[in-house]
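*Asks:* Work out the full structure: start from the sequences and follow the hints.
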Amino acid sequence: MNKNENILACNPENSDTQNIEMDLLLQAVNLKYGYDFRNYNKAHLKRRVFQRLKLSGLNSISELQNKVLWDKEFYRIFLQDLSINVTEMFRDPDFYLSFRKKVISDLKTYAHIKVWHAGCSSGEEVYSLAILLKEENLLQRTQIYATDINKSVLETARQGIYSNKEIELYSRNYLDSGGKGQLSDYYTSKYGLVLFDKSLSKNIVFADHNLVTDGVFAEVNLVFCRNVLIYFDKFLQNKVLKLFSDSLSKRGFLCLGTKESLKFTEFDDGYTIIDKKMKIYKKSQI
Amino acid sequence: MTRLVVVGASSGGIQAIRILLAKLPVSLNIPVVIVLHIGNNKISALLSQLNNKTSFFVKEAEEKETISPKTVYFAPPNYHIQIEDNQTISLSTDAKVNFSRPSIDVLFETAAWVYKDEIIGVLLTGSNNDGSMGLLEIKKYGGKTIVENPKTAFSKTMPYSATTLFEPDYIVNIEDIADIIVELCKE
Numbered sequence: 001m002n003k004n005e006n007i008l009a010c011n012p013e014n015s016d017t018q019n020i021e022m023d024l025l026l027q028a029v030n031l032k033y034g035y036d037f038r039n040y041n042k043a044h045l046k047r048r049v050f051q052r053l054k055l056s057g058l059n060s061i062s063e064l065q066n067k068v069l070w071d072k073e074f075y076r077i078f079l080q081d082l083s084i085n086v087t088e089m090f091r092d093p094d095f096y097l098s099f100r101k102k103v104i105s106d107l108k109t110y111a112h113i114k115v116w117h118a119g120c121s122s123g124e125e126v127y128s129l130a131i132l133l134k135e136e137n138l139l140q141r142t143q144i145y146a147t148d149i150n151k152s153v154l155e156t157a158r159q160g161i162y163s164n165k166e167i168e169l170y171s172r173n174y175l176d177s178g179g180k181g182q183l184s185d186y187y188t189s190k191y192g193l194v195l196f197d198k199s200l201s202k203n204i205v206f207a208d209h210n211l212v213t214d215g216v217f218a219e220v221n222l223v224f225c226r227n228v229l230i231y232f233d234k235f236l237q238n239k240v241l242k243l244f245s246d247s248l249s250k251r252g253f254l255c256l257g258t259k260e261s262l263k264f265t266e267f268d269d270g271y272t273i274i275d276k277k278m279k280i281y282k283k284s285q286i
Numbered sequence: 287m288t289r290l291v292v293v294g295a296s297s298g299g300i301q302a303i304r305i306l307l308a309k310l311p312v313s314l315n316i317p318v319v320i321v322l323h324i325g326n327n328k329i330s331a332l333l334s335q336l337n338n339k340t341s342f343f344v345k346e347a348e349e350k351e352t353i354s355p356k357t358v359y360f361a362p363p364n365y366h367i368q369i370e371d372n373q374t375i376s377l378s379t380d381a382k383v384n385f386s387r388p389s390i391d392v393l394f395e396t397a398a399w400v401y402k403d404e405i406i407g408v409l410l411t412g413s414n415n416d417g418s419m420g421l422l423e424i425k426k427y428g429g430k431t432i433v434e435n436p437k438t439a440f441s442k443t444m445p446y447s448a449t450t451l452f453e454p455d456y457i458v459n460i461e462d463i464a465d466i467i468v469e470l471c472k473e
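Chains as they are written, first to last, in the numbering used here: chain A, 1 to 286; chain B, 287 to 473.
Calculated directly from the structure, the hints in this document are not laboratory data.
Please read all numbers here as calculations on a predicted model, not as lab measurements.
Hints are not guaranteed to be accurate.
[Said to hold, decoys possible] Straight line, CA to CA, 30 Å or less: simulated DSS-like cross-link-like pairs of lysine-lysine: (1) K282(A) <-> K426(B); (2) K282(A) <-> K134(A); (3) K54(A) <-> K437(B); (4) K309(B) <-> K328(B); (5) K382(B) <-> K151(A); (6) K276(A) <-> K442(B); (7) K426(B) <-> K3(A); (8) K276(A) <-> K345(B); (9) K382(B) <-> K234(A); (10) K328(B) <-> K282(A); (11) K276(A) <-> K356(B); (12) K437(B) <-> K277(A); (13) K102(A) <-> K345(B); (14) K3(A) <-> K108(A); (15) K382(B) <-> K3(A); (16) K442(B) <-> K277(A); (17) K382(B) <-> K67(A); (18) K437(B) <-> K3(A); (19) K101(A) <-> K328(B); (20) K165(A) <-> K328(B); (21) K276(A) <-> K339(B); (22) K263(A) <-> K442(B); (23) K234(A) <-> K442(B); (24) K442(B) <-> K345(B); (25) K250(A) <-> K202(A); (26) K345(B) <-> K234(A); (27) K426(B) <-> K54(A); (28) K345(B) <-> K263(A); (29) K72(A) <-> K382(B); (30) K242(A) <-> K101(A); (31) K102(A) <-> K356(B).
*Replies:* Below you can see the structure in the form of structure tokens.
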């Protein structure tokens, strides 16, 4: 038998119709719940939507829209689908190494440091930064605001409890990032879980904040927002970068993900480059 | 008309890609996007090496970059690569798919949605199952599918896995893939 007989061919037109359904779905979510995903990259959203379709046995995005509008519990799950929730400790160790070398000495001249970690997800990178600041004797005079759109990942972040599944990678990352001890100095391990030391999170406030719709809430010396902008289209990237610029004090630092850049945005001129490859920027004195 | 070639490769992939790219003629006026499983290793050395072996311009794909002809884009290590409706590239740090980031399925699926029947999907050597579902998606939308001959591939699992799922348009040795791409692009 020809294996291909069972393949359900897709009319190329289907894809266009699905794009219309996607637009309507995102509009529905915005109108009903006030979460605006319309300027997120579509490919990423579409993959998540199709995964949810498959898992819930629904036939079309329109059917899913119906369920999202009328079934709050389903919506709650769907919101998790759309948000970005994969992260790791000391992701890109070279970045943290560069941060230690090129930013810390500046921060040391401050009596008090305020940090906004935007899109912190489940908090692995917040604890990474806290550990780094602790080793540089800066943590006790630092206030970190760690924010995310997703309340459920924030709860994980607040608890500082993670599976030990990735701890080997994290330990390696930590050492590569210029860590001064062992990662295990900062957590206790039990029943396949690791619990990060509460002294690390003493000065961290975890709060719900939506980069798309919420505004500036504090003046900060450092904005940390890594691998969040890659999910946004150009319009939204500029909007969020404006938020960061408004929030940063003069000569404040902006750290983006290594594949993100201010190049080709409206903010290219407003910053000097501290590390081109690691995407560390310093706000100009204007 | 073919407007994009997407390629997926895993173990043994560097050598296979080298052979494939070396055979792409100057006259071929299309872009190529490649996912190569390479872990967290840097690829800059590999890219400059490949640049000397092909008439195409080989580079690491950048976020929001518009896809242009005669260019070979590699997914950055540890990022998924996706194709957007406006024929630009987007990157993501999403969970691994088939234990892989970048994942071939992610590239193939999103490319199929945008380029529909104007795409060629090429699945090469590898020892896992990434890429089959994505290649099937390309097939569903009417794109052309080429699978490296599992019998002669460095690692047969990945190409074999696709052939158990469906009947690809071509199952050929690595040396012959470039010629088929050229032929298909003439149509």
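*Asks:* Each hint needs a verdict: does it hold in this structure or not?
*Replies:* Now for the hints, and whether the structure bears them out:
1. K282(A) <-> K426(B): violated, 49 Å
2. K282(A) <-> K134(A): holds, 22 Å
3. K54(A) <-> K437(B): At roughly 34 Å apart (the allowed maximum being 30 Å), K437(B) and K54(A) break the hint.
4. K309(B) <-> K328(B): Holds - the C-alpha atoms of K328(B) and K309(B) are around 25 Å apart, at most 30 Å.
5. K382(B) <-> K151(A): holds, 23 Å
6. K276(A) <-> K442(B): The given pair, whose Cα atoms are some 41 Å apart, is violated under the 30 Å limit.
7. K426(B) <-> K3(A): Measuring from Cα to Cα gives roughly 13 Å; hence the hint holds.
8. K276(A) <-> K345(B): holds, 18 Å
9. K382(B) <-> K234(A): holds, 25 Å
10. K328(B) <-> K282(A): The given pair, whose Cα atoms are some 27 Å apart, holds under the 30 Å limit.
11. K276(A) <-> K356(B): Holds, at roughly 27 Å.
12. K437(B) <-> K277(A): violated, 42 Å
13. K102(A) <-> K345(B): The hint holds at about 28 Å.
14. K3(A) <-> K108(A): It is violated: about 66 Å lies between the C-alpha atoms, which goes past 30 Å.
15. K382(B) <-> K3(A): holds, 29 Å
16. K442(B) <-> K277(A): violated, 37 Å
17. K382(B) <-> K67(A): holds, 28 Å
18. K437(B) <-> K3(A): holds, 20 Å
19. K101(A) <-> K328(B): holds, 22 Å
20. K165(A) <-> K328(B): The given pair, whose Cα atoms are some 24 Å apart, holds under the 30 Å limit.
21. K276(A) <-> K339(B): Holds, because 29 Å separates the two Cα atoms, which is no more than 30 Å.
22. K263(A) <-> K442(B): violated, 42 Å
23. K234(A) <-> K442(B): Distance of about 41 Å is beyond 30 Å: violated.
24. K442(B) <-> K345(B): Holds. K442(B) to K345(B) sits at ~27 Å (cutoff 30 Å).
25. K250(A) <-> K202(A): Between K250(A) and K202(A) the Cα gap is close to 27 Å, so the pair holds against 30 Å.
26. K345(B) <-> K234(A): holds, 22 Å
27. K426(B) <-> K54(A): holds, 17 Å
28. K345(B) <-> K263(A): Given pair K345(B), K263(A) holds - Cα atoms ~18 Å apart, limit 30 Å.
29. K72(A) <-> K382(B): holds, 28 Å
30. K242(A) <-> K101(A): holds, 27 Å
31. K102(A) <-> K356(B): violated, 39 Å
Hints 1, 3, 6, 12, 14, 16, 22, 23 and 31 from the earlier list are contradicted by this structure; the remaining hints agree with it.
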